[in-house]
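Visitor: So the sequences go chain by chain: Y and B. Quick note on our numbering: the first sequence kicks off at 49 and runs consecutively. Quick note on our numbering: the second sequence kicks off at 78 and runs consecutively.
Possibly wrong hints are sitting among the right ones.
[Said to hold, decoys possible] In the SDA-like style, the derived pairs of lysine to any residue whose C-alpha atoms are separated by at most 25 Å in a straight line are: (1) Y:137 x B:112; (2) B:173 x Y:160; (3) B:173 x Y:135.
Because the hints were derived from the structure by calculation, they are not lab data.
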Amino acid sequence: MYAIIVGGGKVGLNLARELLDKGHEVTLIEQRRDRYLAMEDELEHVAQYGDGTELWVLERAGVQRADLVVAVTGDDEDNILICQIAREKYLVDRFIARVNNPRNRQYFDLLGIKPAVSATDLILRLIEHEVPQYGLVHLLDLPGERLEIIEIEVSAGSAATGRAVRDLHLPEGSIVISVLREGTGFVPKADTVIAAGDEVLVCLDPGLEDEVTTLFAVR
Amino acid sequence: MSFIVIAGAGRVGSAVARSMLAAGHEVSVLDEDPLSHERLDAGQPTTWEDVGGRFTIGQAIEAEALIEAGIEQADVFIASTHGDNTNLTVAQIAQKMFNVPSVLVRVSDPARAEWYAAQGLHTICPTRYAIEMFEDALNEVEG
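Isolated chain B, as found in the complex (with noise of 0.2 Å):
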């Protein structure tokens, strides 16, 4: 079982956090907006807090969030707010002012998702994946 901090709770950032819940790992998870609580919580028969998730207010960037949240137990931590630039920074706190031993970062811009992964950043480009669906979806009408 890993402890896992999660940064962001949009659609990607919560749907990650309930599915390693489900999957026994301990997840505590960091939004500035309480509403993104509430993503956590939808269709769910009990609360986020009742199947033993962590929620926190406040922002990635903010130390003290972080910290608030057990990014200094955090064996994995996984950057996904909304702003590229916000996850690349964090990320790079995670590994280097908090040593998590593995840090994930979501980068929308295939172009700096790739340029920090050759850095040694574990990214994550959606829009890398949501391109070559499209071009296997195109080649197969295409077919």
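Looking at chain Y on its own, in the form it has when it is part of the complex (with noise of 0.2 Å):
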């Protein structure tokens, strides 16, 4: 695969090493002159100097034949301009963005620029992880595809404890995909008895969370 990452910061340093070490063929587009001779020192061909949103500079990369362009600049119109190039002057067709602050993710999505990766929006989703909320974890989010994986801890004295998955009345467009239980998981039957300590996992359309979650877990 044939890769190009603007930007050289940390992010678009290491991302190289790592694809470089995988294998891959990259381009590590930096347009400042320290940072640039520092990377070209350990990377050297594969470093280039130059404003990443500048024409000339992706073609000289050789965007035409890149499979994918990710831009980690330190600006986000940088990164939005150099996926919104990539995509529809040069024809790539896979990019990562970049999101520095999670305030312009908006504009991301209003230009169709995705996926766009913000570290804020990361760490937020580990702490939610780490510190449940409820006992719940959001898996998956796929607003775009309308489809959301959560995973609840049932709670003693909650309505699903003791009942069969038949019986759990769960609103219409969720359903329980698997239960772990005492460290192993499994995918329910109908007449599976949901048990107080179970880990669920739900799939469910977006907007049924709340409804969701007060059957398994008492808050």
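From the two separate chains plus the hints, produce the assembled complex.
Guide: As structure tokens, this is what we get:
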């Protein structure tokens, strides 16, 4: 795979190292002279000096034959432009953009730049995972596809405790896809009885989260 | 009379703001630097607000700042900050998020200006004019 990474900060540089380690072809574009020189010492011809939002710089890097463009500069407008130009002018199929300021995520969405990755959002997700609210963890969120998978710890005294899956009265648009019990996961049948302490994975339409959670957890 | 919102009050933005206000349009200027307000007042007998201009401090990329500057009511939006990529992004926000009927965007880089123009943005490239004027002047000298 040939990947062009724009932005040679900590994220870009480490991504380049990892991809090179895995045997991929990489070009890393950096516009700050001092950073570029340090990169070139280590990465040699992989490093290119220039403003990755300029068409000729992207062309010099061979954007026309790139399989992947990764825009991880510290500037959200730059990252948006890089992906937009790569997609619409050079017909690159796959790109990944970094969102520096989570408030700008709406603009990435507006212009169809996705996936857009924000460190703040990722850390928030981790915090949610480590400190789950009401024992609820988001495992997967695909708002575009209207799909969500959550993990809930079943608390004693909840409506679901002691009931078979078929009698849970889950709202339409939700289904229990897995039960984790004593360290082992299994796909439940209609007559599987839910016990306190189980962790259930529920696949659901967005918006049903509260309704589903109240069945399994006592607030 | 049109309502014109101008993001970026540098030399170009502030001069356009003043001439449009003088021509009888309603003009609102957005800039992150409070000092840029002085550029609007410079050499004028009265302040920018006295003659009916509006000024908002904020970044062009912030939706709240754009709304405060009045982008939702704007007939014309001009993106004239010092950053090409900021201008191109904000111009698309004005078009797609706020449905401003007419959007003008300053782009210094001729290559990006040309490509985004082909994508339907009304780009204005000062560098292109400078190149042409130099070429014309040189042709006259050589003449």
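Visitor: Quick check: which numbered hints come out false for this structure?
Guide: 1
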